[in-house]
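Given chain V, put chain C in place with the hints provided.
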Amino acid sequence: MMGSENPGFEEAHLFASREEMESLVLDDPLTTHHPNNNNNNSYSSFRSANSSISESTRHPLSPPVLSNPADSDPLLSPPVYRNPNASDNNSYIEPPSYADVIFSPFDDNSANEINRIDSTSKDPDSSLSLSRSSSSSSDYIKITVSNPKKEQETANSLVPGGNTYYTYLITTRTNIPDFGSSEFSVRRRFRDVVTLSDRLAEAYRGFFIPPRPDKNVVESQVMQKQEFVEQRRVALEKYLRRLAEHPIIRLSDELKVFLQVEGRLPLSLSTDVASRMLDGAVKLPKQLFGESTAVVAPHEVVQPAKGGRDLLRLFKELRQSVANDWGGSKPPVVEEDKVFMEKKERIHDLEQQISNASQQAEALVKAQQDMGETMGELGLAFIKLTKFENEEAMYNSQRVRAADMKCLATAAVKASRFYRELNAQTVKHLDTLHEYLGIMLAVHGAFADRTSALLTVQTLLSELSTLHSRAEKLEAASSKIFGGDKSRNHKIEELKETIRVTEDSKNVAIREYERIKENNRCELERLDKERRVDFLNMLKGFVVNQVGYAEKISDVWTKVAEETSGYARDS
Amino acid sequence: MEQQRSVSGLSQSPRSPSSQPYLSVSVTDPVKLGNGVQAYISYRVITKTNFPDYQGPEKIVIRRYSDFIWLRDRLFDKYKGIFIPPLPEKSAVEKFRFSAEFIEMRRQALDVFVNRIASHNLLQQSEDLRTFLQADEETMERLRSYETGIFKKKPADLMQIFKDVQSKVSDVVLGKEKPVEESNPEYEKLKHYVFELENHLAEAQKHAYRLVKRHRELGQSLSDFGKAAKLLGACEGQALGKAFSDLGAKSEALSIKLQKEAHQLLMSFEEPLKDYVRAVQSIKATIGERANAFRQQCELAETMKLKEINLDKLMLTRSDRVGEAEHEYKELKAASEEATRRFETIVRQMNEEIVRFQEQKTQDMGIAFHEFAKGQARLANNVADAWRSLLPKLEACSSA
Numbered sequence: 001m002m003g004s005e006n007p008g009f010e011e012a013h014l015f016a017s018r019e020e021m022e023s024l025v026l027d028d029p030l031t032t033h034h035p036n037n038n039n040n041n042s043y044s045s046f047r048s049a050n051s052s053i054s055e056s057t058r059h060p061l062s063p064p065v066l067s068n069p070a071d072s073d074p075l076l077s078p079p080v081y082r083n084p085n086a087s088d089n090n091s092y093i094e095p096p097s098y099a100d101v102i103f104s105p106f107d108d109n110s111a112n113e114i115n116r117i118d119s120t121s122k123d124p125d126s127s128l129s130l131s132r133s134s135s136s137s138s139d140y141i142k143i144t145v146s147n148p149k150k151e152q153e154t155a156n157s158l159v160p161g162g163n164t165y166y167t168y169l170i171t172t173r174t175n176i177p178d179f180g181s182s183e184f185s186v187r188r189r190f191r192d193v194v195t196l197s198d199r200l201a202e203a204y205r206g207f208f209i210p211p212r213p214d215k216n217v218v219e220s221q222v223m224q225k226q227e228f229v230e231q232r233r234v235a236l237e238k239y240l241r242r243l244a245e246h247p248i249i250r251l252s253d254e255l256k257v258f259l260q261v262e263g264r265l266p267l268s269l270s271t272d273v274a275s276r277m278l279d280g281a282v283k284l285p286k287q288l289f290g291e292s293t294a295v296v297a298p299h300e301v302v303q304p305a306k307g308g309r310d311l312l313r314l315f316k317e318l319r320q321s322v323a324n325d326w327g328g329s330k331p332p333v334v335e336e337d338k339v340f341m342e343k344k345e346r347i348h349d350l351e352q353q354i355s356n357a358s359q360q361a362e363a364l365v366k367a368q369q370d371m372g373e374t375m376g377e378l379g380l381a382f383i384k385l386t387k388f389e390n391e392e393a394m395y396n397s398q399r400v401r402a403a404d405m406k407c408l409a410t411a412a413v414k415a416s417r418f419y420r421e422l423n424a425q426t427v428k429h430l431d432t433l434h435e436y437l438g439i440m441l442a443v444h445g446a447f448a449d450r451t452s453a454l455l456t457v458q459t460l461l462s463e464l465s466t467l468h469s470r471a472e473k474l475e476a477a478s479s480k481i482f483g484g485d486k487s488r489n490h491k492i493e494e495l496k497e498t499i500r501v502t503e504d505s506k507n508v509a510i511r512e513y514e515r516i517k518e519n520n521r522c523e524l525e526r527l528d529k530e531r532r533v534d535f536l537n538m539l540k541g542f543v544v545n546q547v548g549y550a551e552k553i554s555d556v557w558t559k560v561a562e563e564t565s566g567y568a569r570d571s
Numbered sequence: 001m002e003q004q005r006s007v008s009g010l011s012q013s014p015r016s017p018s019s020q021p022y023l024s025v026s027v028t029d030p031v032k033l034g035n036g037v038q039a040y041i042s043y044r045v046i047t048k049t050n051f052p053d054y055q056g057p058e059k060i061v062i063r064r065y066s067d068f069i070w071l072r073d074r075l076f077d078k079y080k081g082i083f084i085p086p087l088p089e090k091s092a093v094e095k096f097r098f099s100a101e102f103i104e105m106r107r108q109a110l111d112v113f114v115n116r117i118a119s120h121n122l123l124q125q126s127e128d129l130r131t132f133l134q135a136d137e138e139t140m141e142r143l144r145s146y147e148t149g150i151f152k153k154k155p156a157d158l159m160q161i162f163k164d165v166q167s168k169v170s171d172v173v174l175g176k177e178k179p180v181e182e183s184n185p186e187y188e189k190l191k192h193y194v195f196e197l198e199n200h201l202a203e204a205q206k207h208a209y210r211l212v213k214r215h216r217e218l219g220q221s222l223s224d225f226g227k228a229a230k231l232l233g234a235c236e237g238q239a240l241g242k243a244f245s246d247l248g249a250k251s252e253a254l255s256i257k258l259q260k261e262a263h264q265l266l267m268s269f270e271e272p273l274k275d276y277v278r279a280v281q282s283i284k285a286t287i288g289e290r291a292n293a294f295r296q297q298c299e300l301a302e303t304m305k306l307k308e309i310n311l312d313k314l315m316l317t318r319s320d321r322v323g324e325a326e327h328e329y330k331e332l333k334a335a336s337e338e339a340t341r342r343f344e345t346i347v348r349q350m351n352e353e354i355v356r357f358q359e360q361k362t363q364d365m366g367i368a369f370h371e372f373a374k375g376q377a378r379l380a381n382n383v384a385d386a387w388r389s390l391l392p393k394l395e396a397c398s399s400a
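Here the protein sequences line up with chains V and C, keeping their order. Residues 1 to 571 (the UniProt record's numbering) are what the first sequence spells out, left to right. Residues 1 to 400 (the UniProt record's numbering) are what the second sequence spells out, left to right.
Quick partial rundown of chain V residues pointing at chain C, CB under 10 Å, derived from the structure: (1) L380; (2) D404; (3) T564.
Quick caveat, the hints were computed from the structure, so don't treat them as lab data. Positions of the beta carbon are idealized from the N, C-alpha and C atoms, including for glycine.
Okay, chain C solo, but in the shape it has when bound:
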């Protein structure tokens, strides 16, 4: 996945190439730490950058899977409208958690994850990203544990003040059951596309995974067949026996090639497909956020109107609560404008993101297909060569 690790161009002002801003990350070196139930894998995260707020040309930190989750959640919360790069799944099966294959797959996926963030022109500017890449391990652990606490303490968030109030008010005012949704046909089409796409991709990924298994099974059966042929050869003896033994040896050699190819297939084809599925799921999450933002915008707009009516009433009656009401109205107006702004930002960003997403996926899939085809061709050539090498000997046997 070196594509993701390539230099990201970010300059707004013309600079000489050597001082062009870059941010490149690699996730490496998985190491098992801890004991028993609490054992986990830690990764080395190496950052190479010349970004102004970052420390030095290179910085190395140690991170674990839950740190990545923290980063993802923070970005998801902050950058609504952006398709946050997906993370690999938590492992369901205990014994699989520490298998070499699983660890390597996860490492690769985490590497891709961070680099996608680092090469996204908005996400790469995130403070949380900087924290993730630079903070020392104790700070990281604190942040990770108190994640929910810090979240709630944000003072400047107007939405926070009104969140609980709004929902109560809107329930009363608008009626609980009424779903508020955009009526945008193009957006509808996009939503439908996303949901359908996930189904199709999941099926393709399922077959890709099965294909990996088939390679392993074929490898195993070639190995067994090879052994049996060798035994039969030992029993037969003479030229025929040798022929069987040679066949058996080739069969066993091919078995190894098949196991190798199975692994390649898993890493370079099946994993990208899974990644594709995860990306679509991330888009679905963003769609959810957009729906929320739309709903909030509507609710606040409604509430603001009501407040306005109320204020006018109060003004007419020259109530001494006018001042208070005016103040509240102003706040609501600001909040409503904020909500509208947020929603519109999401819409705008999603439109950009979808274009980028389609292009990125065409690239990713192109690479995956290329690797797949290369691998299959390589395997078939190995098979042909191995068997072909037997023909002269078999020929010699016959004429002997």
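Isolated chain V (complex conformation):
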């Protein structure tokens, strides 16, 4: 696999061949390699690869000579894109040539490494693109998902005859000391990924946790198993790389265990569906008939109410939320943070605009694609005409015409290739928009965490006030009886105990709520900062790309215009 193992070779090979490619005579465009066939697979998140790797040390395509300051700002120096041997930083103007695209094998490693030759190269020396993390920019975690294997379910499967499932090899390379090792791999199945995702959701409430890939059911008519497995592999890799990008989550125990420890991931109690259902089924009758006082224990309060175990708590919180929405009185604690409310509005608005832009970007890509295709077809039609006229020529004027046609046809085919390359790059850049739609999902999740934590607090406060008034009533009633009312006093004691526990729970819930609020705030800050960088890089990459290819296309046609200038009209 032509991965990053052999950086020097790859780079030299590319630079040598780029010149060859540009002087290639198009004799038979029909057999020209079309790189865009591979595009659908190759644009996995180059962005995440970019940010998680130290470019200055591991950039296989950077020239052996480090860029000197004069080179690093190509806007100062004139465009030197005609020089294929220019240092990498001049590739700011020069988009990846056909050579780069055609000679990189299309596995994600190299594809991502190729991507770094373009404008979003995060070479720290370059003033062109920003690096995301201000600190610890030399840390990296590089995750690869590969080698899907079909395996048999070994012990007691519910379905007789055995279940088959797929496992994926997950390889990690890192220089972060916490991991204890610099390279390791583990085999995991999708179920483990779901577990990981659930555990992260529990442990990191309020954070923007990247959403995991869907559990789609394979429809055998729609998709071949192989296709599905490949899609899943790509999705898993994307997901894990996004997790590795997150400054907090990348250091989480959950992720560490997932990446390093072989064997089934242990489920924590609250996520184990089966045990939850069991607990819930046992508790509910007691709760309903008032035998147990259905107190929400402090340790439970740090998690949102879940189906199964916490049925009663769910009911109570639901009742509270209805009271919030429809009841006449204000809930005991409201979302007061105006700043937050504004931010939420803004995020919502932003999401809409990103979604819209993403759609239009897709349409733009399609239009560019179509342009390239039709241009190519036009070229081929003229090639055929050229051959025909030459074969049947009876007069010299025909031969002249055939030559003119060939000139045009060759240019059209070249332009067609440029359009297709342009498009492949455009897709990679504008994909950032699509990525951020995924991030918006994570934001929704984090906001939902906050809402549910607040609801828990509100519910507990309501409950406390109910309990207090009940206690008051009982005391009032009891004090009317001379000598005390033994059964009532007993009840009062029980109630006071319940109130104490509920107070504790309330305090824990409030702390949890505050914690989540703080997480939200930090994450929003991080989102804004990173988004600015990512979007700017996207814009730059897109623009540079457009300029580069437009210049190439212009050259092609200018030449034809010159060669046919003899026909120019005097007007």
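Coordinates of chain C only, in the frame set by chain V:
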């Protein structure tokens, strides 16, 4: 298409340049006339000439599309063997008929049509051309309506007298099914070339038309993308927001350039290709005429031989119908010679025409290719310039 409008040299006797004969026409100023279903477009046809039979240095008449068809049909009938310049098609789709683009394309094509006739050394001498360029509108309308009537009344046409008779006789004599064709290998090659050429050209023209559409679509998507970028910019605010807004504005500006280029492409590249296809179809029509002429020549020759045999028989029997038969034979002989002459004229003219055609097409295509390349280069430069202008600002954003 000013090439076609350039001065046509025609002099047979040496003259000073200022009095060199010229005939130059322009078709301009389309105006919609009439109402509803009967609405049509009229064009101003301006003739500038010093030809002896023509009125004044300049004459302006109003003509409509069916007048051009009349002219084409007359020329086609009179000048067999010549590749009559092609006319643009009638529009099939109703709502397209009055679109600005269609009207302009048609006007351009009609202009080219008339000028090609005016610069052809034989066609330019046609009486019908003079009528077309000079007659007043009522006369033109009469001619146009009674076109078929006048056609049939031509007295001097020997062929007319015998046309019906010949076909009956030849059917009996030669057998209906027997196709009579030239056995000329070079001509066969030419016919094959013409038919193949039409296919190739039609395909090229199809892709050219699609390319026009692609330009429009790309323009549209750039416009939409630009709007979306602007909205996103408004939402983001600050430097990034400005960057998005600028990008959006450039995108929208480029969209306009693309629409312009699409129009250029249509007029200067796709239309000439279509014109090329039509020209080849016109050649096919001439090939048909040649076949007819050949057939008639053969039939008349056969019939004449038979008449000759019959006449000899009559002479031997000293029939009193000899005189009549002799007369008929003489007429047939004249007709047969006429037919032979016509056929040979067609052959000769076609040979000249094909050379001229190839040369003309090389010119036409050369111009079309040049315009195409110029347009594409211009477009690409616009694109590069527009995007390039954003780079300093984007750079400033990053370092801010």
